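Based on the sequences and whatever the hints tell you, model everything.
Which chain is which? The protein sequence lines are A and B, in order. Under the numbering used here, think of the first position of the first sequence as 1, with each following residue one higher. Under the numbering used here, think of the first position of the second sequence as 1001, with each following residue one higher.
FYI, nobody ran anything at the bench for these hints, they're computed from the structure. Keep in mind the model is a prediction, meaning the values are calculated, not measured.
Chain B is faced by these chain A residues, among others (derived, beta-carbon under 8 Å):
1. 30
2. 137
3. 142
4. 143
5. 145
6. 153
7. 275
All C-beta atoms, glycine included, are put in the ideal place defined by N, C-alpha and C.
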Amino acid sequence: MTAYLIQRLLSMLLSLLGVSILVFWMVHLIPGDPALMILGERANEAALQELRQQMGLDQPKAVQYARFLSDLSRLDLGRSFRTKGLVAEEIGWHFPPTAELTLAAMMFATVFGILAGVISAINRGGFWDFATMFGALAGVSIPIFWLGLMLILLFSHQLGLFPVSGRLDALLDLEIERQTNFMLLDTLLAGNLAAFADAVWHLILPAITLGTVPLAIITRMTRSSLLEVLNQQYITTAYAKGLSQWIVVGKHALKNSLIPVITVIGLEFGYLLGGAILTEHIFSWPGLGSWLLKAVEARDIRPIQGGVLFIAALFMSVNLIVDLLYTYIDPRIRVPSATV
Amino acid sequence: MVILTVFVLISVSVPLLVTHRPDEADISKRLSPPSKTHWLGTDRVGKDVYSRLLYGSRISIKIGLVAVAGSVLVGSLFGLLAGYYGGWIDNLLMRGMDILLALPSVLLAIVIVTILGASLTNAIVAVSIVYIPQYARILRAAVLKVKELEYVLAARAVGASDWHILLVAVIPNCLAPLIVQATLGMGAAILDAAGLSFLGLGAKVGQPEWGLMLRDHFTLIRQAPWTVLAPGLAIFSMVLGFNLLGDGLRDILDPQVKTT
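What follows is the structure in structure tokens.
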């Protein structure tokens, strides 16, 4: 197990190094002079030269990359030329809203995806199976930015059930001190239950929007995995003993069939981090995605580099955790990996 | 298949079906609801939504075809080389693919568009690069399986060149999974490119591209819902068509999956 862990960590570091080369080269691949981009067209040559020196752009590429890595090891991701803020601090501030949104979306997708997958599997070939599978296919085909707009149109504008955008009602927002920038946590820390309920209310439509694609994929995975388990002999034995379908499925089959579903949940996390950019844009959600998009629009290179590296590291860490969890849960994988 | 045939027929016969030119604007009729003259209403500058939607189908099909063709060609080449030669070539190419896979696809596409500059062509290039690893992996796995088969060994024994073996003996046997993935990939490419345009990183202002039509009007959703409903439904049905076809092809070409 330890050898496996070390091997995985090394391979993750190698991939991260690759991503760091990619983001480092971005500065040089983007057409135009980075110093000119930061200081603007009116900057004089002396100022441009000074900034180039400051940024190390006059050094050979290898030296620049070494400096980039050394800064990275101290978590120094530079400053945004747009906001003048430290990139690392800005990531720290904008990550909680995205984390809250992705976790809520994943919770929605997991609960309803497993439920729909089970319903589909136990009704194999029937109407509910067909309806669920068509729904799942529609779920992976829908542009989530359009789905978000349709949810806003229906539930916010027509029915008035949910807020259109943002994380909290403007008036309640004044009462809440942002300690962690996790809105649910901050409202609870402030002991303001009305604000907490309002924050949950604001979270629902964005979470459904972002969670729809993973929901569809988890549904399909649960169905196929459960069908495979239901074909095994111990399930036939359970039925032969006279157990009811709910006990056989719920107690004996579902637990085993969920093992591959866990991997899918892990993989979908990457999708959620990408999809969050679109969802946050529609719902004016002040997370990492919106922040990154503003940086892209302004061609603000440091936040783009930092944001991409952060998301890549996060994505790889989640995949590693899921793989380890998978090895832990499924002894069939644990045994051979122990000998690696 | 039916959905896709309809879309292909529409895109081929667009000039016969449209009622207005896609760039014809009548500002006095801006944001008019659907009527006899403007079947799906008009947009914020008075352009006919229905006609722009039809022209958009051409763009979307082109995006899907070009992006998938690009990633299939490059990905297949990488996969073939990695699987057939193994060793350092395999290591180098597949580690490169791992780096591309280390980033969520939308994010990687955004990075590439940032480097290349925002335009529809660059969005297609970006989407194409994003999906290269999928095809490389499929081809590599298929080649590894096929290259040890007797008829490939026999071809090698009679002195056939590597390229001959790859083209005549290996590639035809790897086509099934490739076709399935490419069909599903068309849908994914159309979705991603529309997403990039929606974020302002794809099609240029004025182009009748569905993602851009949504971007231009999503703030007007309450005032003129038809400007948002139509392009979204179009993207959704075209992607659904490709996904249905891909699923059907998988059932036919890979009977193992059918059982589950």
